[in-house]
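**Q** Residue strings, one per chain:
Number of protein chains: 2
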Amino acid sequence: MSLSPEILLVEDEPAILNLLEFTLADKGFGLRKAMNALQARSAIDAKLPDLVILDWMLPGESGVQFARKLRADPRTRALPVIILTAKAEEPDKVMGLESGADDYITKPFSPRELIARVNALLRRRTPELGGERLTVGPLVLDTARHDVRVNDQVIALGAAEFKLLRFLMAHPERVFSRGRLLDQVWGDHAYIEERTVDVHVLRLRKALAEHNAEHLVQTVRGVGYRMTGND
Amino acid sequence: MSLSPEILLVEDEPAILNLLEFTLADKGFGLRKAMNALQARSAIDAKLPDLVILDWMLPGESGVQFARKLRADPRTRALPVIILTAKAEEPDKVMGLESGADDYITKPFSPRELIARVNALLRRRTPELGGERLTVGPLVLDTARHDVRVNDQVIALGAAEFKLLRFLMAHPERVFSRGRLLDQVWGDHAYIEERTVDVHVLRLRKALAEHNAEHLVQTVRGVGYRMTGND
DNA sequence: CCCGACGATGACAACGAGGTAACCGAGTTA
DNA sequence: TAACTCGGTTACCTCGTTGTCATCGTCGGG
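Quick note, the sequences are listed as chains A and B, same order.
Residues in the first sequence are numbered from 0 upward in steps of one, following numbering that gives the first Met the number 0.
Residues in the second sequence are numbered from 0 upward in steps of one, following numbering that gives the first Met the number 0.
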């Protein structure tokens, strides 16, 4: 995938599809197309793309439903999804992680924005998927199984906590501000309060505490949070 | 964003302008205003803002034309631009292809959305916290981890002491007056007593003393303070 | 050796950052 | 449909940090 990542476009309006194609092909991405959820499904079954751009409104099964199904299937769980929403549709619903999407773009969009988000997402994913398995101190996160263990015991985590932990484990020994974490973990389109990060850190710590590993997530007052393997 | 980023608002409708102003000023942003492209141009020529919010429809030169010109000029190429559009205003394609904006907000917009997008854009622009490492004598300051060590032992410091130490370590063997330290460490708009520097030096020394490193911060009577690696 | 200026120090009150619990709304499951 | 889960928001509270001041100590020149 280092050369020409493959993107699956799921879009029923030919005009938009053309615009997407034109913009992305120009940047050297490999493209595949589907006009609805059914076609998309079989395209994915045939071969896993590196990223999916999905229209929110589709004939038949909606984009959101489809995205959720992708999240439910272990094979496609880690597949990055960008959702395309028309107008200012329902920004609230798409926001956060509820829709299962990693990012979204509102139509009308600019080519620059599209490219930027696609690249950001591919970049964001890559280092974390690197070895399929991240280890920090006693923690072992298996991206394939989508679980975290300490002493072979699985730690129960919500999706948000999991993503947060995965990001922190992918960049240990580094401080991240709440804002940076929002960008990297939630995606920079999520209108989320910075204080919400605190709450998720709290929940993450609670979960870790049950396995005496809460000290791995540290607070750096006035700056942000950090994951450490040592001290 | 430690210090009040400056935003240029380009909007001809007073009502919208007021709303923007009210919303952003409340969050502590520095604001400048322009009613049309001409005013905006001279405002930008005078001093580069950190971000521009630009109405799509403007009297005279349109927002998009203006945005394009900003992209063309090397000085303003990297300037983040958010375009304000009324909901059904324009066909997708024109918008997508012609403007070089970084983000869009459709009117009517929520204050939260506005703030979130502005913050996201400003955040994205600031570079990742560098992974540099400063060493002076036995002291090692790691900016990525955001901590200081001597013999691999972490030194507990408040945020102010940390910044002070970082500055001194970045310029070892040099004397700085209290005034200069206030400018460099606290920022030149802080209404802080010069004597306060003494107190922070004291606290810094106390923290260093626990690791027998207090001699690294020296007083130069009548002048200021200095950090040294030798002696 | 003494005095005056400058720096060190300890005390303190105000503030702000972060931890935490409770709440709400949406989605999922039984 | 009701119970439950999960994510995000909010309000409250606590504690550490911070800037200031008054006082004490000390250096250095006359």
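No lab work stands behind these hints: they were computed from the structure.
Mixed in with the good hints, there may be bad ones.
Put simply, identical chains are the same to the list, so a pair is met inside one copy or across any two.
What the hints assert, rightly or not - Pairs of lysine to aspartate or glutamate, EDC-like flavour, derived with a Cα cap of 20 Å:
no.	residue 1	residue 2
1	Lys46	Asp197
2	Lys32	Asp151
3	Lys26	Glu193
4	Lys68	Glu112
5	Lys26	Asp146
6	Lys68	Asp197
7	Lys106	Glu20
8	Lys26	Glu192
**Q** Please list, smallest to largest, the hint numbers that this structure does not respect.
**A** 1, 2, 5, 6
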